[in-house]
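Visitor: Can you build the whole structure from these sequences, using the hints too?
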Amino acid sequence: MRAGASQAGEAWNCPHCGERILRSAAVCPACQRHLRVDATRPRPQAGEAACPLSVEGLIRHPGSSEPWEYAVLVEVHDGRGELLARRVVGVGAMRSAESRSFSLRVEVFAPGPVPPFRP
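In this text, residue positions in the sequence shown follow the numbering used here: the first is 69, and each later residue adds one.
Simulated from the structure, these hints should not be mistaken for lab results.
Where hints are given, some of them may not hold.
Computed beta-carbon distance windows for the label pairs [to be verified]:
(1) R128 to E175: 27 to 33 Å
(2) S164 to C119: 33 to 39 Å
(3) C85 to S164: 29 to 35 Å
(4) A118 to A153: 29 to 35 Å
(5) C99 to G149: 28 to 34 Å
(6) E87 to E134: 31 to 37 Å
(7) V174 to R148: 14 to 20 Å
(8) E124 to E87: 37 to 43 Å
Where is the CB? At the ideal position from N, CA and C, for every residue including glycine.
Guide: Okay, here's the thing in structure tokens:
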């Protein structure tokens, strides 16, 4: 592999928020902060990433019982069904008549070359 190139799927921790992200990302998808000045390729524009999975949902507390607690879990499995990752991405509580909405998106794209890291 040539200097500055990275393998597809290579990950590292965002220096701003600490989330595990793809090394090819110019902007952290978690904290939305810029990770580098990417002079070798233009920034991806909205719509360049394909989104083969997008799920939105709403849950409502029925208002006739005690408060509910909830945990939002995300699991990723490989083609054989083996668990690759399981994360709790949020927790909370809902009181009578409250609601919460949830969105999940999986965006896919072809990574370009990653410039070498310069501290």
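Visitor: Would you mind marking each hint as holding or not holding in the structure?
Guide: Status of each hint after checking the structure:
Taken as a hint, the range 27 to 33 Å holds for the pair R128 and E175, whose Cβ atoms sit roughly 28 Å apart. A hinted range of 33 to 39 Å holds for the C-beta pair S164 and C119, which are about 35 Å apart. Remark: the range hint 29 to 35 Å for C85 to S164 is upheld by a beta-carbon distance near 34 Å. Taken as a hint, the range 29 to 35 Å is violated for the pair A118 and A153, whose Cβ atoms sit roughly 21 Å apart.
Judged by the Cβ atoms, the range 28 to 34 Å given for C99 and G149 holds: they are separated by roughly 32 Å. One distance hint, 31 to 37 Å for the beta-carbon pair E87 and E134, holds here, with the actual separation near 34 Å. Between V174 and R148, the C-beta spacing of about 19 Å keeps the proposed range 14 to 20 Å intact. At roughly 22 Å, the beta-carbon separation of E124 and E87 lies outside the given 37 to 43 Å, and the hint is violated.
Checked against the numbered hints given earlier, the structure breaks hints 4 and 8 and satisfies all the rest.
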